[in-house]
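Protein chains: 2
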Amino acid sequence: MPKQNAFYAQSGGVTAVINASACGVIETARKYSSQIGTVYAGRNGIIGALREDLIDTSKESASAIRGLLTTPAGAFGSCRHKLKSLTENRAEYERLIEVFKAHNIGYFFYNGGGDSADTCLKIAQMGESMDYPIQAIHIPKTIDNDLPLTDNSPGFGSVAKYIAISTREAAMDIASMCETSTKVFILEVMGRHAGWIAAASGLAAEQEGDAPHIILFPEIAFEREKFLARVQRTVQERGYCVIVASEGTQYKDGTFLTESSVVDAFGHQQLGGLAPALAGMVRSELGYKYHWAVADYLQRSARHIASQTDLDQAYAVGKAAVEYAIAGKNSVMPAIIRGEGKEYSWSISEAPLEEIANQEKMMPRDYITDDGFGITEAGREYLAPLIYGEAYPEYRNGMPIYTRLKLEPVAKKLATGFKV
Amino acid sequence: MPKQNAFYAQSGGVTAVINASACGVIETARKYSSQIGTVYAGRNGIIGALREDLIDTSKESASAIRGLLTTPAGAFGSCRHKLKSLTENRAEYERLIEVFKAHNIGYFFYNGGGDSADTCLKIAQMGESMDYPIQAIHIPKTIDNDLPLTDNSPGFGSVAKYIAISTREAAMDIASMCETSTKVFILEVMGRHAGWIAAASGLAAEQEGDAPHIILFPEIAFEREKFLARVQRTVQERGYCVIVASEGTQYKDGTFLTESSVVDAFGHQQLGGLAPALAGMVRSELGYKYHWAVADYLQRSARHIASQTDLDQAYAVGKAAVEYAIAGKNSVMPAIIRGEGKEYSWSISEAPLEEIANQEKMMPRDYITDDGFGITEAGREYLAPLIYGEAYPEYRNGMPIYTRLKLEPVAKKLATGFKV
Chain A
1 MPKQNAFYAQ SGGVTAVINA SACGVIETAR KYSSQIGTVY AGRNGIIGAL REDLIDTSKE
61 SASAIRGLLT TPAGAFGSCR HKLKSLTENR AEYERLIEVF KAHNIGYFFY NGGGDSADTC
121 LKIAQMGESM DYPIQAIHIP KTIDNDLPLT DNSPGFGSVA KYIAISTREA AMDIASMCET
181 STKVFILEVM GRHAGWIAAA SGLAAEQEGD APHIILFPEI AFEREKFLAR VQRTVQERGY
241 CVIVASEGTQ YKDGTFLTES SVVDAFGHQQ LGGLAPALAG MVRSELGYKY HWAVADYLQR
301 SARHIASQTD LDQAYAVGKA AVEYAIAGKN SVMPAIIRGE GKEYSWSISE APLEEIANQE
361 KMMPRDYITD DGFGITEAGR EYLAPLIYGE AYPEYRNGMP IYTRLKLEPV AKKLATGFKV
Chain B
1 MPKQNAFYAQ SGGVTAVINA SACGVIETAR KYSSQIGTVY AGRNGIIGAL REDLIDTSKE
61 SASAIRGLLT TPAGAFGSCR HKLKSLTENR AEYERLIEVF KAHNIGYFFY NGGGDSADTC
121 LKIAQMGESM DYPIQAIHIP KTIDNDLPLT DNSPGFGSVA KYIAISTREA AMDIASMCET
181 STKVFILEVM GRHAGWIAAA SGLAAEQEGD APHIILFPEI AFEREKFLAR VQRTVQERGY
241 CVIVASEGTQ YKDGTFLTES SVVDAFGHQQ LGGLAPALAG MVRSELGYKY HWAVADYLQR
301 SARHIASQTD LDQAYAVGKA AVEYAIAGKN SVMPAIIRGE GKEYSWSISE APLEEIANQE
361 KMMPRDYITD DGFGITEAGR EYLAPLIYGE AYPEYRNGMP IYTRLKLEPV AKKLATGFKV
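One line per chain: the protein sequences are A and B, in this order. If you count the first sequence from 1, position 365 lands on 365 in full-length UniProt numbering, and the numbers rise without skipping. If you count the second sequence from 1, position 398 lands on 398 in full-length UniProt numbering, and the numbers rise without skipping.
Excised from the complex, chain A in its bound form:
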């Protein structure tokens, strides 16, 4: 078979280390240049393929590609665009095949979360049903840590580290000031359906009574009275109370504490504003002085304090994806497998996409304490190694050096455009 090119794209919310996966893909493909041609990156994810808007990564120097290791966010642009099923929108698939054929693309690497795994699976299915041979490999990435079959998802470890450190630092601030000033601090973190990120804040605590004193998980129904009673008791006992709240915190009936009418491209409701809502409760019911923070994008782009473990894994799944492709595999995802034994270890193994797409891995209930406000020792044991190591970028004049690629477009070969 003549040598074919590869398509690589980033999808969904970006992370501090998704570019490390890109680096793993491109460096490994270059290493196997006798088997794989050029890696074409989609500008803004799958949309780049639909629009025939491809980036020629062969025009980037080796040092620029290496620089992706220390550069946050999506260097090639990402997107929120979910492919419909073949029967619902056949035109999109026909267009993809047209573009792939035009550029001799035989490998499809898609770097994303659960929704993107679904896109990747559909590409593999398209290849079979529409008789266009393509190997579709999904590269895991999501700060939500909710992909099944993999022990954890690249991107999560760095958010976890950022949130754990920020919680510890802010808690020391409140502890210093609580005698005459702020008594309650609320940090709102991401996590729509699964409380993994909120749980990571629990790593801030070293001793009994340390902050965070209350963690709010989407998995545990929010009870206003129970929450306020715990805040009050904590302030009475400790002098202050630190709360870390997942944006997905909801009442028993499934309504969020703050509902917003904005809906994203995947049909998910856009959340936010939970921290001020909780602060309002604390003020009106308990009268404590409060402060609140919303980390939002700061948490998922915080490359300046990325986890070395996370970075290594992000690179490894990118590298493994290319190796799987060369080995002739299709419709799989490199998964992270945790080793047995007390010392943390991990390896990469393949997982079938059919069992990953559109699945959400929830936190095991036994990672959350019985009262629903904290993490257990089992939770801590799972989370702790994911934040090991500090993968610092280099700095110049006090600012991190983040790579800017040339992003040279590949000449279009098709006469027609495509409206996305």
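Misleading hints may appear alongside valid ones.
No distinction is drawn between identical chains; accordingly, a pair holds when it is met within one copy or between any pair of copies.
In silico lysine-lysine, DSS-like type, Cα no more than 30 Å apart, as pairs [as the list claims (entries may be wrong)]:
(1) K289 - K252
(2) K84 - K289
(3) K82 - K419
(4) K289 - K419
(5) K406 - K289
(6) K82 - K289
Just so you know, the hints here were simulated from the structure itself, not pulled from any lab data.
Here the structure of chain A is known, so what remains is to put chain B in place on it, guided by the hints.
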């Protein structure tokens, strides 16, 4: 004169490096142990003196004191408590003299901002008018960077670094996603009356057109239509718009964009919620998808990415305060003086407290661009060196090692308490 003890306390909002000043004070006092006795730290600032709640720093090991260099927030506790004038509340001053006499305290080191400089000045005045000899030295600290006579204030450089880095990182996130998702990102930062912190976000930009695209300063009256027009133009031209807004942003008539009824101990209104207010404007008028973050305490406690320059200066002002005391000085503050020449340099020089207390240094107008939405080259030249260098803490198991002191109380010598 027999050897006297020293009182040291932390006041007002804490910073990532205020403990470095404490380290400078304690290490230098230990070095001059033939001239200065024990450094007693006030628990929770001046309140510790009023309550005779003193901490014996001589019980802390040399390595614990060194550990303060890498520990954020106020290790001895801080407070928001402003002394009234001698005529208004003579009882407080009489109590202070009683406590200082009981513990043979002849040196008063107060580590804070403008309000605290006022407290420090009053202590010096009290010493004279009430015939109790005490040398009061103010040690500058404020993230607001609004102390006069000093080129900058310790604590600011680290916040500036954190905000500049966070802005760059978040901006890369939006840039990756803007094609199909978030178009506008708003980061709310501290700065009640002076826009220094918001200005620091301007260091995130390297090239024309880089984020932040709009900075909102308290110094520039907010004009809704002008703001929205700029947001729209930026999204049209760049695909996305990053806004950094000072919490003190206000309309021409002096009203804040979001007013809150909460007032702190110094009589300042407690602000917050500007970011969602701006986001609401963007949504209702322009319809763009947005995200917003509020850094709040995360910015001022972010020791994990402190500026080395800031850290060095924080230590130096603590050290200089003790040296001034030994040299017999009173009612002064060690100020940071910027050297001439192209290469950044600084030294410490004394400044009189009378000219510091209750003064606020505003940003020079020529640091802000004519349109009021950015920083000029002059502003950049001033700000840039303050974030030079990365003063990383050490880590264990992925988390920074922050010092916990023993905080052993000094035995009380007075029969009576004092209600604060």
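Exercise. With identical chains treated as interchangeable, where does the CA-CA distance between K289 and K419 reach 30 Å or less: within a copy, between copies, both, or neither?
Worked result: between (52 Å within a copy, 21 Å between copies)
Exercise. What label fits K82 with K289 when the C-alpha limit is 30 Å: within, between, both, or neither?
Worked result: Between copies only: 18 Å across, 44 Å inside.
For this session: Evaluate K406 and K289 at a C-alpha cut-off of 30 Å and name the case that applies: within, between, both or neither.
Result: Between copies only: 28 Å across chains, 50 Å inside a chain, cut-off 30 Å.
Exercise. Is it within a copy, between copies, both, or neither that the alpha carbon of K84 lies no farther than 30 Å from that of K289?
Worked result: between (49 Å within a copy, 23 Å between copies)
Exercise. Is the C-alpha distance from K289 to K252 at most 30 Å within one copy, between copies, in both cases, or in neither?
Worked result: both (28 Å within a copy, 29 Å between copies)
Exercise. What label fits K82 with K419 when the C-alpha limit is 30 Å: within, between, both, or neither?
Worked result: Within. Shortest intra-copy distance 15 Å satisfies the 30 Å Cα cut-off; inter-copy 64 Å does not.
Of the numbered hints stated above, none is contradicted by the structure.
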